[in-house]
Amino acid sequence: MKQTLSKEPSRSKKIASAIFVAIILIGFLWFSVNAINLKLDFSTLYQYRYRLWEGFWMTVTISVASLIVSLALGSLSALGQNSRILVISYFCKAYVQIIRGTPLLVQIYFFYYIIGTAWGVNNRYLAGVLILSIFEGAYISEIIRGGLASIDRQQYEVAKSIGLTPAKTLQLVTFPILMARILPALAGQFASIIKDSSLLSVIAVIELTQTVQEISADNFRMFENYLFVGVLYFILTFSVSLLSGGLERRYNHEYRVNQYQ
Amino acid sequence: MNIELINISKTFQDELVLKDVSGSFDIHSIAIIGPSGGGKSTLLRIIGGLLTPDSGALKIDGETIEFSKRYLHNYRRNIGFVFQSKGLFEHLTAIENMLLPLIHAFGMGKTEAVEVSSKLFERFGLTDEKNKYPFQLSGGQQQRIAIARAVAVKPWLLLLDEPTSALDPEYTAEVLNMLGELQNDGLKSIIVTHEMGFAKNACEKVIFLAQNRIVESGNSSQIFKHPQTEELQAFLNKILEWKV
Numbered sequence: 000m001k002q003t004l005s006k007e008p009s010r011s012k013k014i015a016s017a018i019f020v021a022i023i024l025i026g027f028l029w030f031s032v033n034a035i036n037l038k039l040d041f042s043t044l045y046q047y048r049y050r051l052w053e054g055f056w057m058t059v060t061i062s063v064a065s066l067i068v069s070l071a072l073g074s075l076s077a078l079g080q081n082s083r084i085l086v087i088s089y090f091c092k093a094y095v096q097i098i099r100g101t102p103l104l105v106q107i108y109f110f111y112y113i114i115g116t117a118w119g120v121n122n123r124y125l126a127g128v129l130i131l132s133i134f135e136g137a138y139i140s141e142i143i144r145g146g147l148a149s150i151d152r153q154q155y156e157v158a159k160s161i162g163l164t165p166a167k168t169l170q171l172v173t174f175p176i177l178m179a180r181i182l183p184a185l186a187g188q189f190a191s192i193i194k195d196s197s198l199l200s201v202i203a204v205i206e207l208t209q210t211v212q213e214i215s216a217d218n219f220r221m222f223e224n225y226l227f228v229g230v231l232y233f234i235l236t237f238s239v240s241l242l243s244g245g246l247e248r249r250y251n252h253e254y255r256v257n258q259y260q
Numbered sequence: 000m001n002i003e004l005i006n007i008s009k010t011f012q013d014e015l016v017l018k019d020v021s022g023s024f025d026i027h028s029i030a031i032i033g034p035s036g037g038g039k040s041t042l043l044r045i046i047g048g049l050l051t052p053d054s055g056a057l058k059i060d061g062e063t064i065e066f067s068k069r070y071l072h073n074y075r076r077n078i079g080f081v082f083q084s085k086g087l088f089e090h091l092t093a094i095e096n097m098l099l100p101l102i103h104a105f106g107m108g109k110t111e112a113v114e115v116s117s118k119l120f121e122r123f124g125l126t127d128e129k130n131k132y133p134f135q136l137s138g139g140q141q142q143r144i145a146i147a148r149a150v151a152v153k154p155w156l157l158l159l160d161e162p163t164s165a166l167d168p169e170y171t172a173e174v175l176n177m178l179g180e181l182q183n184d185g186l187k188s189i190i191v192t193h194e195m196g197f198a199k200n201a202c203e204k205v206i207f208l209a210q211n212r213i214v215e216s217g218n219s220s221q222i223f224k225h226p227q228t229e230e231l232q233a234f235l236n237k238i239l240e241w242k243v
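Going line by line, the protein sequences match chains B and Y. Read in order, the letters of the first sequence correspond to residues 0 to 260 in numbering that gives the first Met the number 0. Read in order, the letters of the second sequence correspond to residues 0 to 243 in numbering that gives the first Met the number 0.
Do not rely on the hints blindly, as some may be mistaken.
As the list claims (entries may be wrong) - Pair ranges (Cβ atoms, derived):
#1 Leu239/Y to Met178/B: 48 to 58 Å
#2 Val86/B to Asp53/Y: 22 to 32 Å
#3 Ala172/Y to Phe90/B: 53 to 63 Å
#4 Asp53/Y to Phe90/B: 28 to 38 Å
#5 Tyr155/B to Glu14/Y: 21 to 31 Å
#6 Pro183/B to Gly36/Y: 34 to 44 Å
#7 Asp53/Y to Gly244/B: 43 to 53 Å
To be verified - Subject to a maximum C-alpha distance of 30 Å in a straight line, what follows is the list of computed BS3-like cross-link-like pairs (lysine-lysine):
#8 Lys118/Y to Lys187/Y
#9 Lys199/Y to Lys224/Y
#10 Lys131/Y to Lys159/B
#11 Lys167/B to Lys129/Y
#12 Lys131/Y to Lys6/B
#13 Lys18/Y to Lys237/Y
#14 Lys18/Y to Lys199/Y
#15 Lys159/B to Lys129/Y
#16 Lys118/Y to Lys129/Y
#17 Lys167/B to Lys109/Y
#18 Lys92/B to Lys194/B
#19 Lys159/B to Lys118/Y
#20 Lys167/B to Lys131/Y
#21 Lys18/Y to Lys58/Y
#22 Lys109/Y to Lys131/Y
#23 Lys167/B to Lys118/Y
#24 Lys224/Y to Lys237/Y
#25 Lys153/Y to Lys159/B
#26 Lys167/B to Lys153/Y
#27 Lys159/B to Lys85/Y
Don't read these hints as lab results, they were simulated from the structure. Values in this document were obtained by computation on a predicted structure and should not be read as measured data. All C-beta atoms in this analysis are idealised placements derived from N, C-alpha and C, irrespective of residue type, glycine included.
When you get a sec, could you build the whole thing from the sequences and use the hints?
Structure follows, in structure tokens:
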């Protein structure tokens, strides 16, 4: 019988492969830039460093705030979708369907100029966070609903049989199993929040993208500005994926440290 | 210990599962046998307080079991329940699975709980499996740990729902040996099983449940030798047909 060994590749092999991939990517970019005779000069960005820094932090702040609010919204609507009270269930289902079925840009205009004006929400930063949270909450709702549905019913019956209260069951059984299953998807959603926050520039929330648009109107160096800001976004999203990798290991059965030892 | 069933009925989505099941049994060890779909698991779950019957009453030592949330919650803590399979929490190691009910349902201190668990692991030769997750354990080991967990709280009754049905013969023997040992220690148990050898030799009494009711019951030594009803005769003939 043929044996397939799943051996971990050696360190040198890993490094060589990584360098190879980097050369391909950088080479492709360099070739493209040269092909259209583009001379990139990033030095002009230096004088805007304070504004860029402020925009960067605004993006981080809005994203973190939206993550918290959208997690709350998503959890509530995931539970609501399963509610036995039909009105609540329909309301949550309608929310998820409508939000997931329309572009964020449309929602930003609609909520800011129509709903926001009608209800007197004039602060564009607050409005920005709320709109983004409503949008991402619909996706998080589906992630959580799927995660809950994937848990074997028998786990609850076991919890019941050993005499756990519903609250303890949620804390000791449902939550840890759910977290292990949905963390990767949640991290991906958080990266989306960071990128989607760039659309809030259309209601003049001065985050990273809006900052760079203003700078472009000043120095006319579109290519450098947007390439640079792309790198900044990548730094943010890449940090999120590193962080989630760490968290996943914590919740993963095999890696988790034995808490009772 | 005496258990009394009075006209217990249960329907699932228009499907009648139990119809007016009645009987009084002195429990030491009882085996419930019968064809699939006869309502065995449902009856066991009602006795275990995991399901509420549509009508009828259940009495343990003369005390009526109230099917209210609060009463049942307390009732369940004193009854061990072992499922057919996947009875362990998938996100916890073997020892954590043992500790969870001791600490969080019984309020036992951690040190004491660890001591109790370790003793049971040692007794049943499971010490090497302590820190493994369910997916790393064999089906037999999982079931033995589930049984150990159920008896760790010193329940006054242990209920087992086909604990060996998902196991191959070697593991089945492993689990049944453990059960036999516990029964000899005086643990009272009701087991739903397809292992006729175990029902006959290790259990004092047998209940034959078929077509949503108790068709026949009695001492296991008698019931296998001289089945009275046609249904039980047919059932035994069928399942013993391919016996070595």
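Now for the hints, and whether the structure bears them out:
no.: 1; hint: Leu239/Y to Met178/B: 48 to 58 Å; in the structure: holds, 50 Å
no.: 2; hint: Val86/B to Asp53/Y: 22 to 32 Å; in the structure: holds, 29 Å
no.: 3; hint: Ala172/Y to Phe90/B: 53 to 63 Å; in the structure: holds, 55 Å
no.: 4; hint: Asp53/Y to Phe90/B: 28 to 38 Å; in the structure: holds, 33 Å
no.: 5; hint: Tyr155/B to Glu14/Y: 21 to 31 Å; in the structure: holds, 22 Å
no.: 6; hint: Pro183/B to Gly36/Y: 34 to 44 Å; in the structure: holds, 41 Å
no.: 7; hint: Asp53/Y to Gly244/B: 43 to 53 Å; in the structure: holds, 51 Å
no.: 8; hint: Lys118/Y to Lys187/Y; in the structure: holds, 21 Å
no.: 9; hint: Lys199/Y to Lys224/Y; in the structure: holds, 10 Å
no.: 10; hint: Lys131/Y to Lys159/B; in the structure: holds, 23 Å
no.: 11; hint: Lys167/B to Lys129/Y; in the structure: holds, 23 Å
no.: 12; hint: Lys131/Y to Lys6/B; in the structure: holds, 23 Å
no.: 13; hint: Lys18/Y to Lys237/Y; in the structure: holds, 25 Å
no.: 14; hint: Lys18/Y to Lys199/Y; in the structure: holds, 26 Å
no.: 15; hint: Lys159/B to Lys129/Y; in the structure: holds, 23 Å
no.: 16; hint: Lys118/Y to Lys129/Y; in the structure: holds, 11 Å
no.: 17; hint: Lys167/B to Lys109/Y; in the structure: holds, 17 Å
no.: 18; hint: Lys92/B to Lys194/B; in the structure: holds, 25 Å
no.: 19; hint: Lys159/B to Lys118/Y; in the structure: holds, 25 Å
no.: 20; hint: Lys167/B to Lys131/Y; in the structure: holds, 23 Å
no.: 21; hint: Lys18/Y to Lys58/Y; in the structure: holds, 17 Å
no.: 22; hint: Lys109/Y to Lys131/Y; in the structure: holds, 19 Å
no.: 23; hint: Lys167/B to Lys118/Y; in the structure: holds, 26 Å
no.: 24; hint: Lys224/Y to Lys237/Y; in the structure: holds, 15 Å
no.: 25; hint: Lys153/Y to Lys159/B; in the structure: holds, 17 Å
no.: 26; hint: Lys167/B to Lys153/Y; in the structure: holds, 21 Å
no.: 27; hint: Lys159/B to Lys85/Y; in the structure: holds, 14 Å
The structure agrees with every numbered hint stated previously.
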